[in-house]
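Residues 102 to 415 (our numbering) make up the sequence shown, in order.
Everything labelled a hint here was simulated from the structure, so no lab data went into it. As the structure is a prediction and not an experimental result, all values here were calculated from the model. Mixed in with the good hints, there may be bad ones.
As the list claims (entries may be wrong) - Just the calculated beta-carbon pair ranges, DEER-fashion:
(1) A187 with L329: 26 to 32 angstroms
(2) T180 with E275: 18 to 24 angstroms
(3) L329 with L284: 17 to 23 angstroms
(4) P229 with H185: 37 to 43 angstroms
(5) L238 with A117: 22 to 28 angstroms
(6) P169 with R345: 28 to 34 angstroms
(7) G287 with L222: 18 to 24 angstroms
(8) R221 with A117: 46 to 52 angstroms
(9) L137 with R177: 27 to 33 angstroms
(10) A343 with R386: 43 to 49 angstroms
(11) T395 with H185: 42 to 48 angstroms
(12) R386 with C350: 46 to 52 angstroms
(13) A117 with G182: 17 to 23 angstroms
All C-beta atoms in this analysis are idealised placements derived from N, C-alpha and C, irrespective of residue type, glycine included.
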Amino acid sequence: MLPPNCSVHSEVAELAAASLLLLECVLGALGNAVALWTFFFCLKVWKPYAVYLFNLVLADLLLAACLPFLATFYLRHKTWGLGHTACQVMSFLRALCRGSGVTFLTAVALDRYLRVAHPRLKVNLLAPRAAWGISALMWLLVAALTHQSVLLSEAQCPSSGPRTESSFSAVWQEALFFLQFILPFGLILFCSASIIRVLQRRLRDPDKQPKLRRAQALVAVVVVLFALCFLPSFLARVLLAAARRGRSCRALSAAVHASDVAGSLTYLQGALNPVVHCFSSPAFRRSYRRVLYTLRGRGPEAEARGCEPRDDDS
Numbered sequence: 102m103l104p105p106n107c108s109v110h111s112e113v114a115e116l117a118a119a120s121l122l123l124l125e126c127v128l129g130a131l132g133n134a135v136a137l138w139t140f141f142f143c144l145k146v147w148k149p150y151a152v153y154l155f156n157l158v159l160a161d162l163l164l165a166a167c168l169p170f171l172a173t174f175y176l177r178h179k180t181w182g183l184g185h186t187a188c189q190v191m192s193f194l195r196a197l198c199r200g201s202g203v204t205f206l207t208a209v210a211l212d213r214y215l216r217v218a219h220p221r222l223k224v225n226l227l228a229p230r231a232a233w234g235i236s237a238l239m240w241l242l243v244a245a246l247t248h249q250s251v252l253l254s255e256a257q258c259p260s261s262g263p264r265t266e267s268s269f270s271a272v273w274q275e276a277l278f279f280l281q282f283i284l285p286f287g288l289i290l291f292c293s294a295s296i297i298r299v300l301q302r303r304l305r306d307p308d309k310q311p312k313l314r315r316a317q318a319l320v321a322v323v324v325v326l327f328a329l330c331f332l333p334s335f336l337a338r339v340l341l342a343a344a345r346r347g348r349s350c351r352a353l354s355a356a357v358h359a360s361d362v363a364g365s366l367t368y369l370q371g372a373l374n375p376v377v378h379c380f381s382s383p384a385f386r387r388s389y390r391r392v393l394y395t396l397r398g399r400g401p402e403a404e405a406r407g408c409e410p411r412d413d414d415s
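Take the sequences, apply the hints, and build the full model.
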């Protein structure tokens with residue numbers, strides 16, 4: 102229960118959270134739109150790895166479309182003005198897209214681990230059609246795990262900040278958030294450490310150095326990205342859970358403000374995932390380079406560096 106007469110609102114924290122969300126929306130929409138264009142017009146060969154990345158782009162684009170509504174929620178001092186049904190739908194979509202993003206990001210790391218550390222396994226011969234089936238199952242699994250977002254009461258929707266009531270859906274969402282951090286992050290760290298050990302044994306082979314180094318860089322980027330986006334919110338929620346047990350209004354308010362800002366950082370994943378694409382294939386690097394040259398007024402040179410027929414390394 103909240104201490105009596107305890108206000109947990111802060112214009113500074115709410116403005117910071119809204120600003121972060123809007124920035125993540127713009128960066129995520131632009132970066133993933135370029136990635137989507139690359140998938141359709143530049144990538145010539147679709148491997149299972151590319152299928153997981155494509156689903157990651159879809160999740161990030163849908164998540165970017167939800168962020169302006171959450172930013173408005175903070176700008177209105179944490180009040181929702183679009184009705185309870187709209188709140189339930191947006192809460193479900195945000196949870197689904199964020200969870201799917203984590204799932205496909207983990208799938209990317211596992212794919213790199215299996216191809217580098219266990220190249221002879223039959224799973225590495227998986228056909229793209231099978232990868233599409235696995236991706237569909239991933240979407241269904243995440244939807245089943247996050248469906249409790251639709252059952253939030255009006256007092257809990259949007260699910261942000263401390264709650265004065267406990268329900269199964271609210272507790273489930275908190276538990277799911279921690280599991281979405283601990284399990285995938287543990288797997289990603291394991292894959293990273295395993296790939297580094299393999300690289301130390303194989304880097305003497307000149308023919309394998311470029312691919313192995315790219316795999317090492319990719320997994321390192323995934324680890325840093327995951328820690329940057331989710332570790333602050335994880336720690337903030339632990340702090341908030343501890344503050345709820347006390348009776349200090351100041352401690353609770355500080356924990357809520359930290360949780361609001363750190364929670365907004367979790368959506369930064371969708372804006373930074375294009376960095377993963379850059380490490381995955383030359384086609385993505387050329388596409389992003391082309392956009393940068395265009396923004397800098399170097400259109401002709403950007404066109405010359407566009408898609409090439411051999412950009413099929415996925």
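Now the hints, each set against the structure:
no.: 1; hint: A187 with L329: 26 to 32 angstroms; verdict: holds, 31 angstroms
no.: 2; hint: T180 with E275: 18 to 24 angstroms; verdict: holds, 22 angstroms
no.: 3; hint: L329 with L284: 17 to 23 angstroms; verdict: holds, 18 angstroms
no.: 4; hint: P229 with H185: 37 to 43 angstroms; verdict: holds, 41 angstroms
no.: 5; hint: L238 with A117: 22 to 28 angstroms; verdict: violated, 38 angstroms
no.: 6; hint: P169 with R345: 28 to 34 angstroms; verdict: holds, 30 angstroms
no.: 7; hint: G287 with L222: 18 to 24 angstroms; verdict: holds, 21 angstroms
no.: 8; hint: R221 with A117: 46 to 52 angstroms; verdict: holds, 50 angstroms
no.: 9; hint: L137 with R177: 27 to 33 angstroms; verdict: holds, 31 angstroms
no.: 10; hint: A343 with R386: 43 to 49 angstroms; verdict: holds, 44 angstroms
no.: 11; hint: T395 with H185: 42 to 48 angstroms; verdict: holds, 44 angstroms
no.: 12; hint: R386 with C350: 46 to 52 angstroms; verdict: holds, 51 angstroms
no.: 13; hint: A117 with G182: 17 to 23 angstroms; verdict: holds, 21 angstroms
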